[in-house]
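Turn these sequences into a full structure, and let the hints guide you.
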Amino acid sequence: MKRSRTAALLLMSTAPLLLTACDSNKSREGLYTSVEACVAQTNDSNTCGQAFAKAEQEAVTSGPRFDNRQACEADWGEEKCTERKDSSNHSFFGPLMTGFFLSQMMRNGNAVSGFNSAPAFRDSRGGWQRPATGGASGGVYRGTAGTGMVPINATPNRAVTSSRSGFGKSSSSRGFGS
Amino acid sequence: MRRVALAERPDWRAKAADCGFGFHTIDDAPYWDESAYYAFTLREIEQDIEAPTEELHAMAMDMVERVVGSEQHMQQLAIPEPHRDWIAQSWRERQPHLYGRMDFAYDGTGPAKLYELNYDTPTSLFEAAFFQWQWLEDQLARNQLPAGSDQFNSIQESLVEAFSVIARRIARPFHFSAVRDSTEDQGTIAYLRDCAQQAGIECGTLAIEDIGISEDGRFTDLDDQVIGCLFKLYPLEDMFREAFGQHLPRSGIQLIEPPWKAVLSNKGILPLLWDAHRGHPNLLPAEFDNGGELPRGWVRKPLHSREGANIVMHLADGQQVHTEGPYDGACIRQTCQPLTSFDGNYPLIGSWVVGDRACGIGIREDQSPVTQDSARFVPHAIVEQARSVLIA
Numbered sequence: 090m091k092r093s094r095t096a097a098l099l100l101m102s103t104a105p106l107l108l109t110a111c112d113s114n115k116s117r118e119g120l121y122t123s124v125e126a127c128v129a130q131t132n133d134s135n136t137c138g139q140a141f142a143k144a145e146q147e148a149v150t151s152g153p154r155f156d157n158r159q160a161c162e163a164d165w166g167e168e169k170c171t172e173r174k175d176s177s178n179h180s181f182f183g184p185l186m187t188g189f190f191l192s193q194m195m196r197n198g199n200a201v202s203g204f205n206s207a208p209a210f211r212d213s214r215g216g217w218q219r220p221a222t223g224g225a226s227g228g229v230y231r232g233t234a235g236t237g238m239v240p241i242n243a244t245p246n247r248a249v250t251s252s253r254s255g256f257g258k259s260s261s262s263r264g265f266g267s
Numbered sequence: 111m112r113r114v115a116l117a118e119r120p121d122w123r124a125k126a127a128d129c130g131f132g133f134h135t136i137d138d139a140p141y142w143d144e145s146a147y148y149a150f151t152l153r154e155i156e157q158d159i160e161a162p163t164e165e166l167h168a169m170a171m172d173m174v175e176r177v178v179g180s181e182q183h184m185q186q187l188a189i190p191e192p193h194r195d196w197i198a199q200s201w202r203e204r205q206p207h208l209y210g211r212m213d214f215a216y217d218g219t220g221p222a223k224l225y226e227l228n229y230d231t232p233t234s235l236f237e238a239a240f241f242q243w244q245w246l247e248d249q250l251a252r253n254q255l256p257a258g259s260d261q262f263n264s265i266q267e268s269l270v271e272a273f274s275v276i277a278r279r280i281a282r283p284f285h286f287s288a289v290r291d292s293t294e295d296q297g298t299i300a301y302l303r304d305c306a307q308q309a310g311i312e313c314g315t316l317a318i319e320d321i322g323i324s325e326d327g328r329f330t331d332l333d334d335q336v337i338g339c340l341f342k343l344y345p346l347e348d349m350f351r352e353a354f355g356q357h358l359p360r361s362g363i364q365l366i367e368p369p370w371k372a373v374l375s376n377k378g379i380l381p382l383l384w385d386a387h388r389g390h391p392n393l394l395p396a397e398f399d400n401g402g403e404l405p406r407g408w409v410r411k412p413l414h415s416r417e418g419a420n421i422v423m424h425l426a427d428g429q430q431v432h433t434e435g436p437y438d439g440a441c442i443r444q445t446c447q448p449l450t451s452f453d454g455n456y457p458l459i460g461s462w463v464v465g466d467r468a469c470g471i472g473i474r475e476d477q478s479p480v481t482q483d484s485a486r487f488v489p490h491a492i493v494e495q496a497r498s499v500l501i502a
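Residue numbers (my numbering), protein chains in the order written: chain A, 90 to 267; chain B, 111 to 502.
Any given hint could turn out to be false.
Straight-line Cα separation of at most 25 angstroms, SDA-like style, residue types lysine to any residue; simulated pairs [what the hints assert, rightly or not]:
1. A:Lys91 x B:Met169
2. A:Lys258 x B:Asp385
3. A:Lys169 x B:Trp196
4. A:Lys169 x B:Leu250
5. B:Lys125 x B:Gly327
6. A:Lys169 x B:Gly327
7. B:Lys223 x B:Asp385
8. A:Lys91 x B:Gln308
9. A:Lys169 x A:Trp217
10. A:Lys258 x B:Gln356
11. A:Lys174 x A:Ser213
12. A:Lys258 x B:Asp334
13. A:Lys91 x B:His357
14. A:Lys258 x B:Gln308
15. A:Lys91 x B:Asp217
16. B:Lys223 x B:Arg153
17. B:Lys223 x B:Arg410
18. A:Lys258 x B:Ser274
19. A:Lys258 x B:Phe350
20. A:Lys91 x B:Glu165
21. A:Lys91 x B:Gly327
Bear in mind the hints are in silico, worked out from the structure with no lab data behind them.
Listed below in structure tokens is the structure:
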């Protein structure tokens, strides 16, 4: 069969929907620039320390790798790169870990044991990224979709807007699709 | 490939209303047209459209690698200098992409010929992925199509799958954005948002005109939240040159389609593909336009024209056809491959690529050989001919 097995609409349809939302088990995620900042937020110095140590290790094993310092600095900014050695003692360059990411499952407001952590790197555009973990490739993609770095969205980001309407001036009533 | 007349479903307008398909009629002119359909054989679909689409897609992706590494190619494609590094970086990071559409001239006889890639803001998506699918299911249920008829259309399934694959690489908050007053574009982003939600991704919508900028150069939504990822149904090249465009490279915003799509949504990709794969059966000879006289048998297209605007065709018989439009600037030339007439209609095959998979087609036909925004969307089916049914 060359067509979708089924094609339903959730929001566009006027038919009644069945949507289940799962709110009871939320996770707490944070991006911290130091163990102290982490403790201040979570009150859990043990987990923060372990998360930091694990992230430091992972920065070497899963962080971006470059053959030379120039290539690394092109992506991560001047003086933001350091020389590292992998397990077979081959040297490479990678960005300095500038923070770490911690995520914990919460139950009734308390953290459940266990955590996920990852190193965080600030790229030359000011965005935070961490290594992608496995499993994000495949499907309709030929393998490149899930490799490399992923953005971190843990920081609540607010900014005072100074102006709007800077996009859309080329618009026409017919729109822009093609 | 045949054009077959078929009675409309009596209730299709009500069905369109039910699923929010508000633009089936545009400016009083029909857009969705199910008074006929195109019938293909499975061989035509798989060998003549699906396989070439995947092959051309791979060739196009390889070409991105070459273009972003070449100042000369970036120049040829008129990609603005301040955005070049940002575009190249987005490719090095393989920032996730979602979809694209190739337009083919095809009539069932020779190889499909690639007119162009719509790899940045392709539309006619909802009608191809959903409403066309529903048409087939309904007409099968009403016994109006040969039993076992199928359709080359797993577009919706592929979209939901694509969103779930890239979910973890999409920065939040994630907004779908289009021009506020365009019914058609708003319909397209409503549909894409529906697919994203089916993949479990929280997302909102935002008019492109409502996007804000903060003093430190980050893009904001109406709640002053910094936008993590913006799906923009709005041309990259227009964003580049508008007031906020200068802020894009340093704003930290993630775009879908990503900046590197500026290379593929550009008709300059056509001569580059032809140079690299001269004689490929699915490519038309193409070159960058030198401004000289357009010879017979050639078409001139601006690098950034959409909806068939600003095209000059110099037909083999000497006749010249111009279309109006707002585009100017550098052009390419492509040899003229006129669409074949089916009872006075000229169908253009839009072949969808979601992620990296060819997953369906939508056909738009016009009463003139240049498909424009007056075209009507006509559904299709895969219908095996009687002989092969007997063998099976």
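How the hints compare with the structure:
1. Simply put, A:Lys91 and B:Met169 have alpha-carbon atoms about 24 angstroms apart, close enough for the 25 angstroms limit, and the pair holds.
2. At roughly 36 angstroms between alpha-carbon atoms, A:Lys258 and B:Asp385 are farther apart than 25 angstroms, so this suggested pair is violated.
3. Distance restraint check for A:Lys169 and B:Trp196: the Cα-Cα separation of roughly 19 angstroms lies within the 25 angstroms cut-off, and the hinted pair is therefore satisfied.
4. For the given pair, A:Lys169 sits about 62 angstroms from B:Leu250 by alpha-carbon distance, which is inconsistent with the 25 angstroms threshold.
5. Using a Cα cut-off of 25 angstroms, the hinted pair B:Lys125 and B:Gly327 is violated, with the two alpha carbons roughly 45 angstroms apart.
6. The suggested pairing of A:Lys169 with B:Gly327 holds, with an alpha-carbon distance near 22 angstroms, which does not exceed 25 angstroms.
7. The straight-line distance between the Cα atoms of B:Lys223 and B:Asp385 is roughly 16 angstroms, inside the 25 angstroms bound, and the hint therefore holds.
8. Pair hint A:Lys91 plus B:Gln308 holds up; C-alpha atoms about 21 angstroms apart against a cutoff of 25 angstroms.
9. The straight-line distance between the Cα atoms of A:Lys169 and A:Trp217 is roughly 13 angstroms, inside the 25 angstroms bound, and the hint therefore holds.
10. For the proposed pair A:Lys258 and B:Gln356, the alpha carbon gap of about 15 angstroms is at most 25 angstroms, so the pair holds.
11. Annotation: proposed proximity of A:Lys174 to A:Ser213 holds, straight-line Cα distance about 23 angstroms (limit 25 angstroms).
12. Simply put, A:Lys258 and B:Asp334 have alpha-carbon atoms about 21 angstroms apart, close enough for the 25 angstroms limit, and the pair holds.
13. Simply put, A:Lys91 and B:His357 have alpha-carbon atoms about 43 angstroms apart, too far for the 25 angstroms limit, and the pair is violated.
14. Between the alpha carbons of A:Lys258 and B:Gln308 the distance comes to roughly 32 angstroms, so the proposed pair goes past 25 angstroms and is violated.
15. Only pairs whose Cα atoms come within 25 angstroms are accepted, and A:Lys91 paired with B:Asp217 is accepted, the gap being roughly 20 angstroms.
16. For a cut-off of 25 angstroms, the pair hint linking B:Lys223 to B:Arg153 stands: about 17 angstroms separates their Cα positions.
17. Proposed proximity of B:Lys223 and B:Arg410 is supported: the alpha carbons are some 16 angstroms apart, at most 25 angstroms.
18. Distance check on the hinted pair: A:Lys258 and B:Ser274 sit about 33 angstroms apart at the alpha-carbon level, beyond 25 angstroms; violated.
19. Between A:Lys258 and B:Phe350 the alpha-carbon distance is near 12 angstroms, which keeps this suggested pair within the 25 angstroms criterion.
20. Of the pairs offered as hints, the one joining A:Lys91 and B:Glu165 holds, with about 18 angstroms between alpha carbons and a cut-off of 25 angstroms not exceeded.
21. Between A:Lys91 and B:Gly327, the direct Cα distance comes to roughly 46 angstroms. Violation of the 25 angstroms bound is thereby established for this hinted pair.
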